[in-house]
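2 protein chains.
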Amino acid sequence: MDNHRSHCPVNLAVEIFGDKWSLLIIRDIMFEGKRHFREMLQSEEKIATNILTDRLAMLEQMGIITKRPDPEHKQKQIYSLTEKAIDLVPVFASIGEWSIKHLPVDTEKYVHASQLARANKRFIAHLKKTLMKEHVI
Amino acid sequence: MDNHRSHCPVNLAVEIFGDKWSLLIIRDIMFEGKRHFREMLQSEEKIATNILTDRLAMLEQMGIITKRPDPEHKQKQIYSLTEKAIDLVPVFASIGEWSIKHLPVDTEKYVHASQLARANKRFIAHLKKTLMKEHVI
Chain V
1428 MDNHRSHCPV NLAVEIFGDK WSLLIIRDIM FEGKRHFREM LQSEEKIATN ILTDRLAMLE
1488 QMGIITKRPD PEHKQKQIYS LTEKAIDLVP VFASIGEWSI KHLPVDTEKY VHASQLARAN
1548 KRFIAHLKKT LMKEHVI
Chain H
1428 MDNHRSHCPV NLAVEIFGDK WSLLIIRDIM FEGKRHFREM LQSEEKIATN ILTDRLAMLE
1488 QMGIITKRPD PEHKQKQIYS LTEKAIDLVP VFASIGEWSI KHLPVDTEKY VHASQLARAN
1548 KRFIAHLKKT LMKEHVI
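For the record, the sequence lines run as chains V and H.
According to the working numbering, the residues represented by the first sequence are 1428 to 1564, in order.
According to the working numbering, the residues represented by the second sequence are 1428 to 1564, in order.
What the hints contain is simulated information worked out from the structure, not anything from laboratory work.
Among the clues, some could well be false.
Same chains, same label: a pair holds when it works inside one copy or across any pair of copies.
[What the hints assert, rightly or not] Here are the simulated DSS-like pairs of lysine-lysine, each with C-alpha atoms no more than 30 Å apart in a straight line:
#, residue 1, residue 2
1, K1503, K1548
2, K1528, K1501
3, K1528, K1503
4, K1536, K1501
5, K1548, K1528
6, K1511, K1555
7, K1528, K1494
8, K1560, K1501
9, K1548, K1473
10, K1501, K1548
11, K1556, K1528
12, K1447, K1494
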């Protein structure tokens, strides 16, 4: 059984994050340090509750994030990135570089994005290592 | 007037190509040399006619592609990439690298993708230059 439209690398990637929200959720966890559902709901783009629920479940199923009960608040889930997600750092860097060149990015507000867009390989490697420590046990 | 959900670089990018088809259309023009509507319809992922029409119009409006009548077949339109599109080469390279590591890519069929995923900066620069000559007058 194979439900992929093709085995092209671009297609397989957009089958996972080719929508208006998935990369923003990963961005929030990766660069904003958001680990809880409620925090992700409060992002500027105003994701709807049902869409956030859907996308988190999909990202978990695709091996991009994991969740576990928060030891400090038993009612809450805490979300973590997997190594598969952390390997998306260079994708965010290349998207950031392109957006800053071609789109009306607010570079003062999104300082992190500007840094990443100018990032050299060493900085990307450092960020990935930091994320691995925070997210992957 | 500003209809953007935010001015985050990731958001502004997914507002353009955050869907299941746009990056595949750009891929077809960029890597498969497809320049006509009919050729794009025949791609493996089987895009529907109305979706292809929609996405091409959106990509034209966003300054990613241009179209003009084909001098050899007056009925046909010929599509070209803009510099804004050609600057997406590093985004395709980083997506390709990620997909090959984490998803069931057919690397024999998509040789070009594997090359790009391993590409060094010199190769990316060369590809961009070639595309500029072919597409941007």
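Should K1528 paired with K1503 be assigned to within, between, both, or neither, using CA atoms and 30 Å as the limit? neither (39 Å within a copy, 32 Å between copies)
First find the shortest C-alpha distance between K1560 and K1501 inside one copy, then the shortest across copies, and answer within, between, both or neither for a cut-off of 30 Å. within (23 Å within a copy, 60 Å between copies)
Are the CA atoms of K1501 and K1548 at most 30 Å apart within a copy, between copies, both, or neither? Neither: 39 Å inside a copy, 48 Å across copies.
Under a CA distance limit of 30 Å, which applies to K1528 and K1501: within one copy, between copies, both, or neither? For K1528 and K1501, the Cα distance exceeds 30 Å both inside one copy (44 Å) and across copies (35 Å).
Between copies, within a copy, both or neither: which fits K1503 and K1548 at Cα up to 30 Å? neither (36 Å within a copy, 44 Å between copies)
Given a CA cutoff of 30 Å, do K1528 and K1494 count as a within-copy pair, a between-copy pair, both, or neither? between (36 Å within a copy, 23 Å between copies)
Between copies, within a copy, both or neither: which fits K1556 and K1528 at Cα up to 30 Å? Intra 27 Å, inter 17 Å, cutoff 30 Å: intra and inter.
Which holds for K1536 with K1501 at a C-alpha limit of 30 Å: within a copy, between copies, both or neither? neither (34 Å within a copy, 48 Å between copies)
Tell me, please, which holds for K1548 and K1528 at an alpha-carbon limit of 30 Å: within, between, both or neither? both (19 Å within a copy, 18 Å between copies)
How would you label the pair K1447, K1494 (within, between, both, or neither) given a Cα cut-off of 30 Å? Answer is both: 22 Å inside a copy and 26 Å across each meet the 30 Å cutoff.
At most 30 Å between CA atoms: does that hold for K1548 and K1473 within a copy, between copies, both, or neither? Neither way: K1548 and K1473 sit 33 Å apart in one copy and 37 Å across, limit 30 Å.
Alpha-carbon proximity context of K1511 and K1555, limit 30 Å: both (11 Å within a copy, 28 Å between copies)
Consistency note: the structure conflicts with the earlier hints numbered 1, 2, 3, 4, 9, 10.
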